[in-house]
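Asker: Sequence:
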Amino acid sequence: MTRAVMILADQRDIASLNFEGIQVPGFDRVIVRVADYARLKEEAATIKAEIERDNVGLVIYARNDQIFERHSIAYCIRYFQTGYSSISGIDTEEAFSQARSMIADLQGNEGIFEVPPIAAPTKKITAQPQGTFSLIFDTEQLACIKVGLPRILPLLDQYGVKATFFCTGFVQDVYPKALPTIAERGHEIGIHGPHHEWMAGLSADEQRRRLTAHVEKFRHYYPVVGANFIFRTDAHTVPVLVDLGMRYCTAFALHHYKPLAYRQVNTQPIPIITDNGGIWMVPVPTETYNWPWFGTRLAIDSALMRSKQETGQPHVSVLMHPFRDGTKNHLKQLEAMLEYLTQKRQLKPVTLEQHVTQPAPTTASKRIYMNYLRVDGSHPDGYQREFWSRAEYYWDRLSTLYLGLKAIGTDAALTVEPENIDYAVHPEAPTDGIPIPYDPMAASHDSTNSPEWERLLKLLREAEAAGGTHVFAPPSAEEQQAFIRKLKRPRNLRDVTGLPPEAGMRVVFKLRKGRPTF
1 MTRAVMILAD
11 QRDIASLNFE
21 GIQVPGFDRV
31 IVRVADYARL
41 KEEAATIKAE
51 IERDNVGLVI
61 YARNDQIFER
71 HSIAYCIRYF
81 QTGYSSISGI
91 DTEEAFSQAR
101 SMIADLQGNE
111 GIFEVPPIAA
121 PTKKITAQPQ
131 GTFSLIFDTE
141 QLACIKVGLP
151 RILPLLDQYG
161 VKATFFCTGF
171 VQDVYPKALP
181 TIAERGHEIG
191 IHGPHHEWMA
201 GLSADEQRRR
211 LTAHVEKFRH
221 YYPVVGANFI
231 FRTDAHTVPV
241 LVDLGMRYCT
251 AFALHHYKPL
261 AYRQVNTQPI
271 PIITDNGGIW
281 MVPVPTETYN
291 WPWFGTRLAI
301 DSALMRSKQE
311 TGQPHVSVLM
321 HPFRDGTKNH
331 LKQLEAMLEY
341 LTQKRQLKPV
351 TLEQHVTQPA
361 PTTASKRIYM
371 NYLRVDGSHP
381 DGYQREFWSR
391 AEYYWDRLST
401 LYLGLKAIGT
411 DAALTVEPEN
421 IDYAVHPEAP
431 TDGIPIPYDP
441 MAASHDSTNS
451 PEWERLLKLL
461 REAEAAGGTH
471 VFAPPSAEEQ
481 QAFIRKLKRP
491 RNLRDVTGLP
501 PEAGMRVVFK
511 LRKGRPTF
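So that you can map any letter, position 129 of the sequence shown is 129 in our numbering, and since no number is skipped, the others follow by simple counting.
Check each hint, because a few of them may be wrong.
Stated by the list, open to error - Mimicking EDC-like on lysine to aspartate or glutamate, the simulated pairs with C-alpha atoms at most 20 Å apart in a straight line are: (1) LYS366 to GLU335; (2) LYS348 to GLU287; (3) LYS458 to ASP411; (4) LYS217 to ASP173; (5) LYS366 to GLU419; (6) LYS513 to ASP173; (7) LYS348 to GLU310; (8) LYS513 to GLU43; (9) LYS513 to GLU502.
Keep in mind the hints are simulated off the structure, nothing from the lab.
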């Protein structure tokens, strides 16, 4: 059966744009489907049935959530679980003219975009950095290249920042000079999927086929070692990435603000081992998407504080998108962040490749089982928020076990295979698992010489002496509630000063009913 592309267009898009003659590499036909963007979520089930009927492998949105009424497309992206991109403009006043230029690139134009020449930094680069930071740009919509890069790259030049760009094969197909342009300026290139599709749900063989072609194409331009498929992978993906020579992959571990305090979770890369090798999982603690600058800054501060506590060397990774951070409305926020990180905090920019320099271990004497979908699964109806299921908390518990085992002299690693494991964390419960009623997060939120940390190490030593598979599970209700109350208490001045802006953001989110605001 032939493979199709579906373009989702609003009535105003149909009236203002010409979709005739669009061709997409790797697909046989293009379907233009009229949809009311104000009711996309309500229409999603009907559209998905059409996607399955017509063998649609890529959905292209005629508008994104940065223009006009800023209706969200996030639910549909997660619900359809197909490939995704957009031909939307990113500045409302120029949205249709920008869209026309990208449509022309799909109608036979050469896919040209103009970027100013490389320039020397004009901002002072610190000689004595107080830590490091990594900027990550997910690059999947056509406007990321056509409009965003020409604005963002000169700004990065100005501050002497080298970033990591995770690109889809689709944007490179349409704009063949995209990867060479990024690479010649000293930035890292990583893979983001051939069409930003869901690897989760595909067979291991199909994932291997798609990702092998993706990596081989990109390695013509850059020695790719990193992958970013946040929310789109499963346990099959990890061994494929290892076999393809990836050094690291990424996952969200966001520092959310809860009543009166930021929930700080582990910021350090943790190894995952497979039968054929290992790969680092790099947590991403903050992003800019739909956050005002002050909200991102507070999360950055939280991550820097936690990473300094963990290693003595502050580091933060920030996720961004050129179709958002390259808009005229957001460029000043990007510049404010660059100013804050390089000038005020005196941090040194590093790519993720430079942040994770060593290959991951390939073996471990102790294996901690990680249900990959709990850390990196997609939830169309929203993230799981239960205290023992929430993704970043599950990650923090796993990370704390890894660090605790290292502290008692045991080489450990995560594994996505549930067989032959030594440790697991609730709600995973191997049938032969020996429960340990203790929440590892209690130790992760204290210093390494605290009573809770020593308690964790004691429990691990006892587990090692006893042998078998051990499962860290919820403690008594009284002990759990005491820990939750502790989590809610402010630990520093930033936790207190974060309350008014964070409360304000939540009021705005509520009033906007899910539509992007910032």
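Asker: Which of the listed hints are not met by the structure?
Answerer: 1, 6
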